[in-house]
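Now for the letters of each chain:
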Amino acid sequence: MEMGERAQQLGIPFSVHLDLTYRCNEKCVHCYLDHHDHGELTTAEIKNLLKEMAEAGVFILTLSGGEIFLRKDFFEILECARELTFCVKLKTNAVLIREEQAAKLSDLGVQSLQISIYSHRPEVHDVITKLPGSLKRSIAAIRLLKTQGLKVTIANVLMRTNMQDIYGVRALAEELGVECTLDPTVSPMLDGDRSILGLNTDESVLREVLHDQSFMPDVEEFCAPPAPVSEESMDAFPCSAGHNACYISPYGEFYPCVAFPLSCGNVRQQRFIDIWQNSEQLKEVRSIRLRDLSGCSQCLHGATCTRCPGMAFLEGNMRGPSTADCEKSYARTGIPSKNLLAKKDRPALPRLVQIQLVPAMVGGRLAGIGATAIPA
Amino acid sequence: MTKPLYVARSRRIAARKLGEEMLVMSAHGSTLFTLNPTAAILWQAADGATPLEEIVESKICSEYEVSPEEALRDAESLAQDLAKHGILLISEKPIAESSARNEGRL
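Top line first, the protein sequences correspond to chains D and R.
In this text, residue positions in the first sequence follow the numbering used here: the first is 1, and each later residue adds one.
In this text, residue positions in the second sequence follow the numbering used here: the first is 1, and each later residue adds one.
Watch out, some of these pointers could steer you wrong.
[Stated by the list, open to error] In silico EDC-like cross-links for lysine to aspartate or glutamate, where the CA-CA straight-line distance does not exceed 20 Å:
#: 1; chain 1: D; residue 1: 136; chain 2: D; residue 2: 175
#: 2; chain 1: R; residue 1: 17; chain 2: D; residue 2: 83
#: 3; chain 1: R; residue 1: 17; chain 2: R; residue 2: 47
#: 4; chain 1: R; residue 1: 17; chain 2: D; residue 2: 2
#: 5; chain 1: D; residue 1: 151; chain 2: D; residue 2: 107
#: 6; chain 1: D; residue 1: 51; chain 2: D; residue 2: 274
#: 7; chain 1: D; residue 1: 338; chain 2: D; residue 2: 203
#: 8; chain 1: R; residue 1: 17; chain 2: D; residue 2: 193
#: 9; chain 1: D; residue 1: 27; chain 2: D; residue 2: 274
#: 10; chain 1: R; residue 1: 17; chain 2: D; residue 2: 55
#: 11; chain 1: R; residue 1: 17; chain 2: D; residue 2: 73
#: 12; chain 1: D; residue 1: 104; chain 2: D; residue 2: 73
#: 13; chain 1: D; residue 1: 104; chain 2: D; residue 2: 76
#: 14; chain 1: R; residue 1: 93; chain 2: R; residue 2: 47
#: 15; chain 1: R; residue 1: 3; chain 2: R; residue 2: 69
Because the hints were derived from the structure by calculation, they are not lab data.
Take these sequences, add in the hints, and give me the full structure.
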């Protein structure tokens with residue numbers, strides 16, 4: 001039996017994603033975080049939390065942010081985590097990693113690092129991160145980490161601005177001797193702001209990527225028409241969020257997952273294990289099965305969809321569909337989901353008032369731009 | 001008389017108890033080992049200072065119906081196996097904590 005599954009049976013939080021800070025030296029255009037510091041957990045609070053998590057049975061600890069190396073106590077936290085024998089994974093842009101830091105990470109037995117690279121060209125990557133020189137520094141850090149024998153994965157996100165560079169990033173990863181992943185969609189901001197979703201590529205690009213065997217080794221199976229939804233899959237739960245995994249924010253907020261900002265408690269007020277075992281919100285998340293999902297339970301894609309409950313939650317209903325995943329299912333198979341069909345059938349909201357720009361009148365009385373209401 | 005054998009847990013591993021089993025992963029590896037309850041007892045007692053024979057007598061023979069000779073044979077075999085994967089250190093001398101931390105980098 002897979003370890004995560006075994007942990008779930010035992011009610012153990014096998015894997016925790018802990019964001020140490022939301023502050024970042026990069027200001028990526030697609031980032032879902034507010035980078036201001038609203039009162040991060042102190043060193044002592046984090047060390048105490050790590051002890052509580054070790055006692056609760058957490059094995060995999062992902063330290064992320066924001067940029068983790070902006071915390072002056074980062075190595076103190078990492079050392080504490082390794083003393084407690086967590087399997088530590090790091091997510092970073094690596095800009096602040098030099099020889100000394102790379103050696104320390106190796107000495108402390110970090111299991112792996114995921115490093116964000118959005119293009120192999122500085123003129124694209126550095127524009128996305130808004131940090132001049134960031135690509136050069138991240139690549140230099142990857143080389144140092146590889147020299148130390150550390151396992152590195154490049155993480156890329158598909159957007160309009162870098163879609164032409166996905167093969168370039170992969171070639172760069174090959175040259176560096178590291179793995180490479182590609183997230184095909186941008187996530188909405190944690191506060192629900194969906195404006196950054198405009199960075200997503202259109203459906204034709206998404207379809208092309210999802211059908212590319214070099215990205216999807218099992219492309220035939222992955223893009224096959226969905227299998228009928230069985231009774232067994234009706235009882236399946238959507239993902240590990242809240243079941244054997246959870247997320248802690250830099251402010252101690254406890255969520256089922258980083259992408260699922262449903263507050264279940266705060267580790268400043270309650271012990272980690274008490275939230276894990278007793279939170280009403282977590283109990284609700286754990287109770288949801290495919291058969292409980294409005295729409296998705298009757299959808300052809302029900303059993304094979306990558307539906308993210310967090311994305312559904314951010315869309316307004318944790319039992320509802322996640323449109324981004326509906327779009328992925330459509331791009332994979334060419335078969336629209338129930339949700340997409342319903343959206344298509346729904347009449348568009350009639351425009352009651354249209355704002356129209358009125359050109360400045362040359363030599364006239366209206367100098368500048370005005371607005372006028374036009375009946376629909 | 002054979003020399004005593006000392007065993008120490010590597011410091012470059014990740015480990016956690018999962019139910020009755022112990023999960024162990026070497027720091028830079030991606031292979032996960034699960035130790036059964038008996039192996040877990042031995043692994044947890046591997047402090048680098050107590051001879052393996054003593055660990056077997058006090059922790060294994062006191063709990064299980066097994067002769068000390070047979071238990072020691074099994075324990076030595078397990079220790080060799082774990083050492084091959086870098087998650088346990090074996091020495092004919094007591095193992096200092098600093099060695100357990102720095103092994104593989106010496």
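Hint-by-hint comparison with the structure:
1. D:136 with D:175: 15 Å, holds
2. R:17 with D:83: 15 Å, holds
3. R:17 with R:47: 17 Å, holds
4. R:17 with D:2: The given pair, whose Cα atoms are some 15 Å apart, holds under the 20 Å limit.
5. D:151 with D:107: 13 Å, holds
6. D:51 with D:274: 14 Å, holds
7. D:338 with D:203: 17 Å, holds
8. R:17 with D:193: 41 Å, violated
9. D:27 with D:274: 35 Å, violated
10. R:17 with D:55: Given that 20 Å is the threshold and the Cα spacing comes to 10 Å, the pair holds.
11. R:17 with D:73: 28 Å, violated
12. D:104 with D:73: 14 Å, holds
13. D:104 with D:76: 11 Å, holds
14. R:93 with R:47: 12 Å, holds
15. R:3 with R:69: Status holds; Cα separation ~15 Å.
The structure does not agree with the numbered hints 8, 9 and 11 stated previously, though it agrees with the rest.
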